[in-house]
Amino acid sequence: VARSVRPESEPPRPAHQRVISVIGKASLFLAYFRWLFMPLGLFALIAVGVHAAADTVDDRLLWLIDRADAAFDAVVSQWSFTQPMVDWVGLEQRIWLARALALIWELAADLFLALPALGYEEHDTRVPLHHRWRPLFERILRKPALMSVVRPMATAAIVLAGSCAVGRMIQGALYLSLRPSFGDTLAGPFSRVAALAGLGGVLVAMGGRAVLRNVQHAHTVADREKTRVLLHRWTRGLVGSAVVLPLAIAALIDATPIASFFR
Amino acid sequence: VFLRRSRGMLDFFLALLCLWAAWYHTPVGALVRGIGARITGVHTSAGPLLSYFTGGAYEPPPALAEHPPPLPSGLAASQPLSPVDALGYGTYAVLAQLSAEERKPAEALATRYAIPASELFDSHSGPRATARLLRAAERDLGSDEIAVTALFVGEEPARYARDRLRAARDPLELANAARELPPGFDAAVVHASNALTLSTAYGLSWPLEGNAPVTSPFGARVDPVTNRQQVHTGVDLAVPVGTPVHSAAAGVVRRANEDSVCGRTVIIDHGRGVSTAYCHNSELLVTVGQTVNRGDLISRSGSTGRSTGPHLHYQLLLLDKPVDPFLFRAKGATVAATRVSAPLDEGHP
Chain U
1 VARSVRPESE PPRPAHQRVI SVIGKASLFL AYFRWLFMPL GLFALIAVGV HAAADTVDDR
61 LLWLIDRADA AFDAVVSQWS FTQPMVDWVG LEQRIWLARA LALIWELAAD LFLALPALGY
121 EEHDTRVPLH HRWRPLFERI LRKPALMSVV RPMATAAIVL AGSCAVGRMI QGALYLSLRP
181 SFGDTLAGPF SRVAALAGLG GVLVAMGGRA VLRNVQHAHT VADREKTRVL LHRWTRGLVG
241 SAVVLPLAIA ALIDATPIAS FFR
Chain B
1001 VFLRRSRGML DFFLALLCLW AAWYHTPVGA LVRGIGARIT GVHTSAGPLL SYFTGGAYEP
1061 PPALAEHPPP LPSGLAASQP LSPVDALGYG TYAVLAQLSA EERKPAEALA TRYAIPASEL
1121 FDSHSGPRAT ARLLRAAERD LGSDEIAVTA LFVGEEPARY ARDRLRAARD PLELANAARE
1181 LPPGFDAAVV HASNALTLST AYGLSWPLEG NAPVTSPFGA RVDPVTNRQQ VHTGVDLAVP
1241 VGTPVHSAAA GVVRRANEDS VCGRTVIIDH GRGVSTAYCH NSELLVTVGQ TVNRGDLISR
1301 SGSTGRSTGP HLHYQLLLLD KPVDPFLFRA KGATVAATRV SAPLDEGHP
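Each protein sequence line maps, in turn, to chains U and B.
Residue 1 is where the first sequence starts when you use this note's numbering, and the numbers rise one by one after that.
Residue 1001 is where the second sequence starts when you use this note's numbering, and the numbers rise one by one after that.
Hints should not be assumed to be uniformly reliable.
Computed, partial: chain U to chain B, Cβ under 7 angstroms [what the hints assert, rightly or not]:
(1) G41
(2) H51
(3) D66
(4) A74
(5) V166
(6) G172
(7) V202
(8) S260
None of these hints come from the bench; they were simulated from the model.
Here the structure is a predicted model, which is why all the values come from computation and not from measurement.
Using N, Cα and C, we set each Cβ at its ideal position, and we do this for glycine too.
All chains, full assembly: derive it from the sequences and hints.
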C-alpha cells in the first residue's frame, strides 16, 4: 500500500551533470555582469602587455637621453652666458627623466590601446567570435587605413606579451604555494599546465576580443566624415601609431617567452 | 557541453586573472594600491614600483648602507677586493640593516650550507661568512646574482626563478629573476639589488696608479666661486697634467665629451646601479658606447673646465646618487691620508 501511494520520483542525475548544471547557473548569473568585467579584463590585459613591453625600453631611453644631454651640454658650454645650463641635467636627473619618459610612453600607449577596450560591448554572446571577425576584416581590405592596420597588429603583439605575463604569474604563484605541501613532482607539472591553460585561455578569449575591439574602434574613427579622403585615412592616428608601434615590436622581441613554458 | 555551459564563468575567471596581473604589474595598479594603502593605513607592496617611478617621492627607497663595513686596514687603496669578497662585503652591508623577519631567508640559506647564522650577522665575521655562503650558493644555483637573490627572497623562489630563466634562455640576473617571481617579493628584490650595488662599489679599483693627495674631499664645502656652502660630489686628486686615468671596473662608456664645468669628462656605467665619472681631463681616449675593462686607460688628467689647477675629479654614483668613494676603500689607505686644504676644483657640483 505504501509503495502505491509514494509519488514516482525521477531517477537521480549523475554527479557530473549536477556540476554542469550548477556551473551553468553560475555562468548565467555572471552574464549579468559581463558588461563590467569583460571591458575591465580587456583593459587590464592590454595594460599588462604594455607594461611588459615598456619594461624593456628603459635602458634604451636612458641611452638616448644621455646622447641628447651630451649634445646639449656641448652646445651651451660654448658661450659664457649659457654655461650654467650645463648643470641643468645631471646624471640623477637623466635617470629620472628616462623613467618619467618610459612611464609617459606606457601611459600614452594605454590611452591609445587599452582605453578603447573599455568601450567593448557584446550584444549577442551566442555569436561566435570568428563570425564577428570576418566582416571587419573584409572592411579593412576594402578601405584600409593607418589606424585599422597598425592598431590591431600592435594590440595583437601587446596581448601576446600580456598573456605571457599572466601565465608567468599563475605558474609562479601556484608552484611556490604548492611545492611545500606536494613537492616538485606534482607542483612543477601542475603549475606549468595551469600556466599554459591560463596563457592560452587569456590569449584566445580575452586577446581575441581585445584585437576585435581595437579593429572596431579604428573603423569607427576611420569612417568619420573627415577621414573619407585617402590622405586623411593614412595620417589619422599617426601619433598614436608612432607611440604604440615601437612598444609592440619590443613586446614581440623581448616580452613574449612562449617557448619557455614548454621547456 | 561543459565548455558551452561554463563559458560565462570561464570568461569571468580569465578577466579576473587579467585584473590580478594588472593590479601587481602596472603603474596604474600600483597607484591604486598605493592610494588605497594611504587611505586605509594598510601596508602595500606597491612601494618599490611607485618609488621607482616617482624617484623616491612616494616613499624613499631603502637607504644604501650609510656606514658600510670597513675593509681590512692592510689593503692598499689601489688594491680592489676579490669579486667574492666584494660580494660578501656588499651583501653583508644590506643584511646587517634588515629586520629579524627579513633575515629569515638568509638564516635558512646559511643553515642549508652549514654556516652558523650567528657568524653571518656578526659585525667582524659577517662579511667573510656572507662571502662563503654566497660562494656555496653560487655553485649550487648557477650565478652570483641568483645566489644573492636566494639570500633575500629565499632559496625556493630563487630556484624557481632560476629554472624559469633557464627555460627562457635569459641570463641568470636579478632583474630577470625579479620578473619571474610572483607578487610579494618586491621589497626583498630591492634589498638584493642594493646588495649587488654595494658589492660592485666594493669591487672598484682606484683610477690612478700609486698615491695622489686629496685636495678636496667628498662632502660639504664652501664653493670657491659662489662662496656658498655646497656638496662636493666627488674627490679631487692632485696629479700632473697627462697622468693616465684608468677605468675603476669593467663597464660601458656612457659619456665622453667636454663642457665648461666638468671639462673633458668620461662617465662609465658599471651596471648594478654603479657609475663612475672622471672630470677635468686633458685628453679622452674612449668613445660613447665603448666597452672597457677594469684598469683600461680611458683618459689623461688635466685642468679643463672650471678648474684652477691640474687634478682628477673622481666621482662614484650609486643608484645615481653621489657617494664618497673612500667609503669603499681600506681604512687608512695612504691615498686618503694626504689631504691638501686648497681646493682646486672650482664650483664642481
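Verification of the supplied hints:
no., hint, verdict
1, G41, "holds, 3 angstroms"
2, H51, "holds, 5 angstroms"
3, D66, "holds, 5 angstroms"
4, A74, "holds, 6 angstroms"
5, V166, "holds, 5 angstroms"
6, G172, "holds, 4 angstroms"
7, V202, "holds, 5 angstroms"
8, S260, "holds, 4 angstroms"
Every hint from the earlier list agrees with this structure, and none is contradicted.
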